[in-house]
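Generate the whole structure from the sequences, applying the supplied hints.
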Amino acid sequence: MTDTREQFRPEDHDNDHFLLTTVVGSYPKPKWLDRAKDLYEDSVATESQRDGGGEAAGAADFGEDEWEEAKDDAARLITNEHERAGLDVVVDGEMRRNEMVEFFAHRIDGYEFNGPVKVWGHNYFDKPSVVDEVSYDESWLVDEYEFTASVADRPVKVPITGPYTLANWSFNEAYDDEESLAYDLADLVNEEIEKLVEAGARYIQIDEPALATTPDDHAIVGECLERIAAGIPEDVRIGLHVCYGDYSRIYPEILEFPVDEFDLELANGDYEQLDVFEDPAFTKDLALGVVDAHVAEVESVEEIEANIRKGLEVVPPEQLTVSPDCGVKLLPREVAYGKMANLVEAARNVEADLDSGDIDVAAPTPAGD
Amino acid sequence: MTRIATTPGLFPLPDDAKEALSDLKGHQKGDLVSGDESADVSAVYDDVREELVALQQDAGLDRVVEGQARWDDMLAHPLTVHDNVSPGGIVRYYDNNNFYRDPVVEGELTFSGDLAGDLETAAGLTDDLQAVVPGPYSLADLATDEHYGDDADFQAAVADFLAGEVEAFPEAVETVFLLEPSLVENAPGDGADERASEAIDTVASAVDADVVAHPYWGALDEKVHAHLLDADVDAVGYDLVADHDDNVYNVAEYGTKDSVALGVVDGQNTLVESPDTIRERVDWFEDQVPNDFEDVYVTANTGLFYLPVNRFEEKLRALGAATGADDSEDHEDEVTA
Chain A
1 MTDTREQFRP EDHDNDHFLL TTVVGSYPKP KWLDRAKDLY EDSVATESQR DGGGEAAGAA
61 DFGEDEWEEA KDDAARLITN EHERAGLDVV VDGEMRRNEM VEFFAHRIDG YEFNGPVKVW
121 GHNYFDKPSV VDEVSYDESW LVDEYEFTAS VADRPVKVPI TGPYTLANWS FNEAYDDEES
181 LAYDLADLVN EEIEKLVEAG ARYIQIDEPA LATTPDDHAI VGECLERIAA GIPEDVRIGL
241 HVCYGDYSRI YPEILEFPVD EFDLELANGD YEQLDVFEDP AFTKDLALGV VDAHVAEVES
301 VEEIEANIRK GLEVVPPEQL TVSPDCGVKL LPREVAYGKM ANLVEAARNV EADLDSGDID
361 VAAPTPAGD
Chain B
370 MTRIATTPGL FPLPDDAKEA LSDLKGHQKG DLVSGDESAD VSAVYDDVRE ELVALQQDAG
430 LDRVVEGQAR WDDMLAHPLT VHDNVSPGGI VRYYDNNNFY RDPVVEGELT FSGDLAGDLE
490 TAAGLTDDLQ AVVPGPYSLA DLATDEHYGD DADFQAAVAD FLAGEVEAFP EAVETVFLLE
550 PSLVENAPGD GADERASEAI DTVASAVDAD VVAHPYWGAL DEKVHAHLLD ADVDAVGYDL
610 VADHDDNVYN VAEYGTKDSV ALGVVDGQNT LVESPDTIRE RVDWFEDQVP NDFEDVYVTA
670 NTGLFYLPVN RFEEKLRALG AATGADDSED HEDEVTA
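Taken in sequence, the protein lines are chains A and B.
Read in order, the letters of the first sequence correspond to residues 1 to 369 in my numbering.
Read in order, the letters of the second sequence correspond to residues 370 to 706 in my numbering.
If you're looking for bench data, these hints aren't it; they were derived computationally from the structure.
Going by beta-carbon spacing under 7 Å, a handful of chain A positions derived as facing chain B:
id, residue
1, N114
2, G115
3, V117
4, K118
5, W120
6, G121
7, H122
8, S129
9, F171
10, E173
11, T213
Calculated lysine-lysine pairs in the BS3-like style (CA-CA distance at most 25 Å, straight line):
id, chain 1, residue 1, chain 2, residue 2
12, A, K329, A, K37
13, A, K29, B, K387
14, B, K387, A, K31
15, B, K387, A, K37
16, A, K29, A, K329
17, A, K329, B, K398
18, A, K329, B, K387
19, A, K31, B, K398
20, B, K398, A, K29
Idealized CB from N, CA, C, for every residue including glycine.
See below:
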């Protein structure tokens, strides 16, 4: 297997060992960005009322241009915040994305929106309907990637909602079954990744939270990934993020998936499921969740170090990536930052301990020795 | 044979009420319906109930539900608003991408009257009132017991509680739909299947109205189905959207009650079934089984809160039209009744 990891080791990395530190993707939006969005939406609504919808939204006093500028500012700010925390691979915190299915459905032909549906209490989601065969129209993420890469000094990861989740979290009016819809969407994801790679992206993460609720469908996700990975250069790192669920129902089958890395949510369950991954041996890279995305309290560096060492029971350091459990967008921003900064400090401490031989690695070495 | 157009309730809130209520109540766990809402909040729900009843009447439904707009926690509602139950964490609702507050039962499940209260109000709006109630097996399955200690005791307590609630329903209630998705999703094993049937019997026996035990999201295991037929309910529901073959098999092989409810409209997909499609699905089922039914409740398989409002309303109209005299003049329904 091609080593896709070394390309992300910073030139000034102090330790011999390298535990790649990154995030899953989403990050709390600054309050001013939400305010700007309200302003933009009000402004567009007022303008179209005044002009019977004839005038371009940009003519409003907080119009399209101002809204784009606000999103650029937020993306720059959060990308830099990730760098300030010391992460090796950064993202823009998904500042331009409203929701993980809606964002993509708006960009894919074949989808329509009919209105909000309930998630829980008074929290709603504009669940889209697939009403026609899905097809690729405009690029989804190339602009987002190019902007983030242009303001970042570190490599940038691109999270993409996976085709299984895009299918599972939509109404399906057009396809015989969800499986065939997921495969068509996988072909579109493949097309988008080709464009991202052309633009310079080297680290793609497919998010499949829906697999956590329907683990018996792992073979469908596997087939989707075959389509997604087809023709993508070997040096492009592809990860799969699966949120908290009963991992014993998808392991070891997922080891057959054509990805380099699995990003798993394990801190949330206090690593009770860790032993699931010990037998058979974990042959891919493990992106281990070492801070809880649902607890608004910053874990100490010592606590995170202990969590990282748990990962070394499953994989050797060469296969270990250190990451939060899940997207951190629901946390207060200062808590999210505190978690990132402590995560990086803990990873560097563990690397130093590995360098000095203070840690015994329980996991088998990659040579299978 | 009479075809009766109805739904299992659990309607989506009208979009303006979504906004009004989230402004009044808030978005957090602690802001949801508790059973002692403020007058402002209650007034919005009263308006919503009127709107939902009118919508069903305009659509030509034969049974009208109050809409369950207050049920923030879907089927768990009767427990989450109970005095001796505290709402715990937000937990996943079956394998849906929906969540509810885990009702943690910390004391005796005494009489509440919450459901009867909403039905009393609705009784003033319609003569075709249908109550919607979580079945005792599903309600116990959705809750966490920290008081009764034993699964069987807990389920029996939930059944007694629900029996007390339905007993208090106004006389205007013509039909009670007992929703039992857990009978499919988390099927009871040996012994538990018989207890589930007894629990349903306890609730059904407490009310004079016709009772429909309505499992959905598939077909029942053969034994669970056989036991359910022992319960004193007037009709059993079959979700033909999720699994028509196994449901037909159950009925053809083991029989059923004199009446059935047929889930022929998909409560979880925006694709709207035409009245013709609805009638064809009912005809198909009747052709597959030897029974001669008294009543056939023609219904959505699940509650309808999964849908955006426009499609929800279209589905109500399609159901109403499917049994309406205008669209089925040559049909036997209501002609022989």
